[in-house]
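Novice: Chain by chain, the residues run as shown.
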Amino acid sequence: MSEILLRTANLRFGYPQRRSLFGKAAEREVIKGVDIAVPRGSVLGLVGESGSGKTTLGRLLVRLLKPTSGHIQFDGVEIGELDDAALRPLRARIQMIFQDPQSSLNPRLRLGTTLTRPLSAYGRLRGKQDRRARAAALLSLVGLPVEFADRYPNELSGGQRQRAGIARALALEPDFIVADEIVSGLDVSTQAHILLLLKELRARLGLTMVFISHDLSLVRVLCDDVAILYHGEVVEYGPVARVFASPQHAYTRQLLAAIPLPDVEPGWLDDSPPVVKPQPQGSAA
Amino acid sequence: MTAALAIDNLRISIGAANVLRGVSLEVEAGEVRGLVGESGAGKSMLGRAVLGLLPANAAIMSGHIAFEGRDLLQMREAERRKLLGRRIALIPQDPMTSLNPVKRIGAQIGNLLRHHLKLSKRAALQRATELLTEVAIREPQRVLSLYPHEISGGMRQRVLIAMAFACDPALVIADEPTTALDVTVQRQVLQLVERLRLRHGSAVLFITHDLGVVAKICRSMTVLHAGRVLEEGDTAEVLAHPRHAYTRALLAATPRADRPAETLRPVPPALIAQLWSEAHRLDLLDTARSA
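Taken in sequence, the protein lines are chains F and W. Residue numbers for the first sequence follow this note's numbering, so the first one is 1 and each next one is one higher. Residue numbers for the second sequence follow this note's numbering, so the first one is 1 and each next one is one higher.
For reference, chain W alone in the conformation it holds in the complex (with noise of 0.2 Å):
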C-alpha cells in the first residue's frame, strides 16, 4: 500500500541556515504520526513544505515529499494546487488568526466546499450544517450565522478541524491544534480529531512539542531536533523503550501530574550543546561532498 506522505532526505535552509538536515519520515495511509520537537527544530517547516507553504526566504535543497507516491515537488503548480485543502488539509495551531475576521462562519465553509466539491450554494450550506454537527457543534444553523470572534476559541477550533476534514482529505497537517486550548477543551479536541479521521479514513501528521498529546493519539511518531530525525517508531515502543537521549531527557523533563516533583529532570544543557554540533558538523561535511 502506497503510503499517504512519505519524505525522503528533505533538505530546507533558510538563507545560510539549514532548517532540515535530511528528514525522512512516512505517514501510512489512515495513520496518525506524531512530530515532535522543541522550538527550532524544524516541525513546522516540514508541515509547511508538505503544504506547498514554505516562506518566500526558504528553499528545498533536496528531497522528495511523495503524497500518495507522486513528489509534490515535481508536480505543476495548478496540479499541486488543486490537492491543497482537499486531498491534503490543514489544521493550523492559532484559532484566532485562521479563520476570516470579516466573513461570517457559514461563508467560510461555504467558499471551501463550493471551489473544491463544486457544490450549489444550497448544497453548500446543506453540507456546512451536517460537518459542524459532526464536529459537536450543538446549534449549527446560528453558528453559521456568526463571525469568528462572536465564538469561543474552542469552538473555532472546532469550526478549523470541520473545514480540514470537509472534503475527505487523504492527509491532514495537524500543526500543534491544542497548544493554545485548555486541558479539558483539548481532550474534547484530541476526541475529535480521532472521530473524524477515522469517519473519514484520512492520516494525518500530528506537530506538536506535547508528549503526552503524542501518546494518547499517535501510533507512531518521530523525534526531531535541529532539522534531523533523532529517533522515530511506534509510539508505545519509543516511550517506553527510548533509545535516543534526547527522547529519554524530553520525557525526564515532562511534568507529570501522576509523580511526586523529585522525579523532573532538566535537559542537560550539554546534551543540546551536543546535538547542535553534531548538527553543524554534519553541515560541514555535506559542504566538503558537495564542494
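So here's chain F without its partners, still in its complex pose (with noise of 0.2 Å):
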C-alpha cells in the first residue's frame, strides 16, 4: 500500500449567495462531501460535465478556495484551515496548471521571466546567470527549445503556450500537480503530445497529479484511477481500468455511452436515453 499524498474528508464547499438585509448568508453548496485519496506518484483524473463541481473542487484541493467544512491533509499536514502565511511554505510544493495559457501567462513578460517568477519569490535563484540557466532547464524539460526564454506568449501556438504553463508550474520543484482541462482547447495532434510529455514527466520526477477532464478518453491516457462528479458528489471512484470495464454507476454508463468513438455505428443517433443532469440551481443557465 502506497502513502497517500493527498486526502480529502467529507469535503464541503458554497458559493455565498446573495444575503438579505438582516439575514444570514445563505450558501449554494457546489462540493457536497467529496473523500478522495492521492497516493504518492499516482495521478487521479477527476471527470464531470459542465457545472459538476470538478473546476471548485480543483481549487480547493490547491487552497486557492477554503473549504466550508472538512478536511484536506497534504502530506500528513491538515491545510484545509491554513491561513495564506501558513501556506506560504507549502504552495511550493503544490502548483496548478490552468486551462487556457492564453490567458494564464502574463503577455508582457518573456517567457524566460515568467516561468523564473516563482523561483525569484521564493527566494531560490542566485543571480542574473542562474535564471538564463534555470529558465533553459525547465524550458527543455517540456520539449521547448531554450531561446523561447526570450519570447513572448502571443509568439506561441496554443500547444507550446501549454509546454511553457507547465514548465511554469514545474519550476518549484512541487510534488503535487492539479491540472484543470489543460488540453481541451487543442488540436487532436497537439493534444496527444501533451499527454505523453505528462505522462513522461510523471514518470521522470515522480510527480503525483489531479487530471481534470471532461473526457473519460484523455483519462484513460493518463490517470491511474478515476472519480466520476456528479452534481458536487463523487458517484464512482476507482481505478482506471476497473471503471472503464465496469461502471457500476447509470451516469457513468451514460457518461461513456455518449462518447463518440471513431468508428461507424448504425443505430448510435436513433436512440435517445433519458438522460441524468445536475439540475442547475439558481438561474436557469
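Read the hints as simulated data drawn from the structure, not as lab findings. Glycine included, each C-beta is placed from N, C-alpha and C at the ideal position. Each hint should be verified, as a subset may be incorrect.
[Claimed, not checked] Okay, the calculated beta carbon distance ranges per label pair: (1) 114(W) x 200(F): 28 to 34 Å; (2) 279(W) x 102(F): 56 to 62 Å; (3) 249(F) x 179(W): 24 to 30 Å; (4) 121(F) x 55(W): 41 to 47 Å; (5) 28(W) x 145(F): 29 to 35 Å; (6) 146(F) x 76(W): 53 to 59 Å; (7) 81(F) x 14(W): 53 to 59 Å; (8) 35(F) x 269(W): 41 to 47 Å; (9) 126(F) x 244(W): 49 to 55 Å; (10) 242(F) x 102(W): 49 to 55 Å; (11) 35(F) x 265(W): 34 to 40 Å; (12) 267(F) x 76(W): 44 to 50 Å; (13) 28(F) x 179(W): 27 to 33 Å; (14) 274(W) x 73(F): 31 to 37 Å.
[What the hints assert, rightly or not] Sample of chain W residues with no beta-carbon within 12 Å of chain F, all distances over it, derived: (15) 24; (16) 40; (17) 56.
Given two chains presented individually in distinct reference frames, assemble the corresponding complex, making use of the accompanying hints.
Specialist: Here it is in C-alpha cells:
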C-alpha cells in the first residue's frame, strides 16, 4: 500500500448567495462531501460535465479556495484551515496548471521571466546567470527550444503555450499538481503530445497529479484512478481499468456511451436515452 | 441528380497567405458530408465562403461554388442574399454569441420566418412554437419569451438548430456545432440534427475536428490540411482503411475510451512539416505558372 499524499474527508464548499438585509448569507453548495485519496506518484482523473463542480474541487485542493467544512490533508498536514501565511511554504509544493495558457501567461513578460518568477518569489535564484540556466532547464524539460526564453506568449502556438504553462508549474519542483482541462482547447495532434509529455514528466519526476477533464478518453490515457463527479458528489471512484471495464453508476455508463468513438456505428443516433443531468440551481443558465 | 453543393478548385487567400489551395468537394442532396481538419486547415473558411461570409481581407482567387447547380460566385448579391438563411442555412459553433443578447428568442425566430417566408406575425409565432417543439424544447411558449442568457448552452444550440432548419433549407453548413458542449448534450444535439435533416430533406456539410463525431453522423468525409484535400470518401471506408498518412496519424492520435493508453500515437511533427512544405511547393508552382 503506497503512502497517500493528498486526502480529503467530507469536503464541502458553497458559494455565498446574495444575502438579505439582516439574514444570514445563504450558500449554494457545489461540493457536497467529497472523499478522495491520491497515493504519492499516482494520477487521479477528475471527470464531470459543466456544473459538476470539478474546477471548484481542483481549486480547493490547491487551496485557492477555502473549504466550508471538511478536511484536506496534504502529506500528513491538515491544510483546509490554514491561512495564507501558513500556506506559503506549502504553495511551492502544490501547483496548478490552468486551462487557458493564453490568459494565464503574462502577455508582457518574456517566457524566461515568467518561468523563473516563482523561483525568485521564493528566493531560490542566485543571480542573472542562474536565472538563464534555470529557464533553459525548464524549457528543455517540456520539450521547448531554449531560445524560447526570449519570446512572448503571443509568439507561441497553443501547444507551445501549454508546454510553457506546464514548465512554470514545475519551476518550484512541486510534488503535487492539479491540471485543469489543460488539453481541451488543443488540436488532436497537439493534445496527444501534451498527454504523453505529462506521462513522461510524471515518471521522470515522480509527480502526483489530479487531472481534471470532461473527457473520459483522455483520463484513460494518463490516469491510474478516476473519480466521476456529478452535481458536487463523487458517484463513482476506482482504478481506471475497473471503471472503464465495468462502470457501476448509471451516470458513468451514460458518459461512456455518449463518447463518439471514431467507428461507424449505425443506430448511435437513434435511441435517445433519458439523460440524468445535474439540476442547475439558481439561474436557469 | 444535381449536388446540393459542388465546390470546384476553390482558392482563397488572405493577403499573401493561401488559405484554400484548390479545394474540390461535393455534398449530394440529402447527404451529410464531414469536413475534417485541425485549426488552420481552412475548414471554417470554406464554410464561410459558401455562406458569403468571408472576412473583408479574404479574396477568392479562383474556383466555383455551385449550389444546386448555380454558381454562387457569379450570382448577383441580391439574389444570393435571398438564398442565405432560407435555402442555405448555418448552425454556428458558438451558441453564446450567435444569438442577439437583447432580443427575446421568440422575436429572433419570428423575424427570420417573417423575412424569408413572409409569414404574418401570428403565423410566425405559431410556426416558432412548432419549431421549438421539433427540437425537443418542452415549454416552447415560455422559452420564446426568454432572452438567450436565460437558457442553458445546450438549449441555445437547440434554438439555433431550429432556426437553421426553419425554412426547409437544401443545404445546412454546421460549423463545429457541438465543440463547446458536454458529451451527453453533444449526443442529443447530434441526434437532433440527424432527425431534422431527415425531416426537412436537407444536405449537411458538417465541419468538425472530431473524427468520432464524423463517424457517427457523416456518410462521407473530406480530410483537409493546409487548405488542401488530402483524402475523401465514404466515412466507413476512410476510417477503416485510411489511405493518406495524415488521416492514419489523426486516427492514431485520437484517444479512445475503449482502448488502453498504450495505443495512443501523437502525430509525428515530421509529417506535419512535410505536408506544409508540400503546400508551399504547390504555391510556388502556381506562382510560376501564372507569371
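Novice: Enumerate the violated hints, using their earlier numbering and listing them in ascending order.
Specialist: When the structure is compared with the hints, numbers 1, 2, 5, 14, 16 turn out to be violated.
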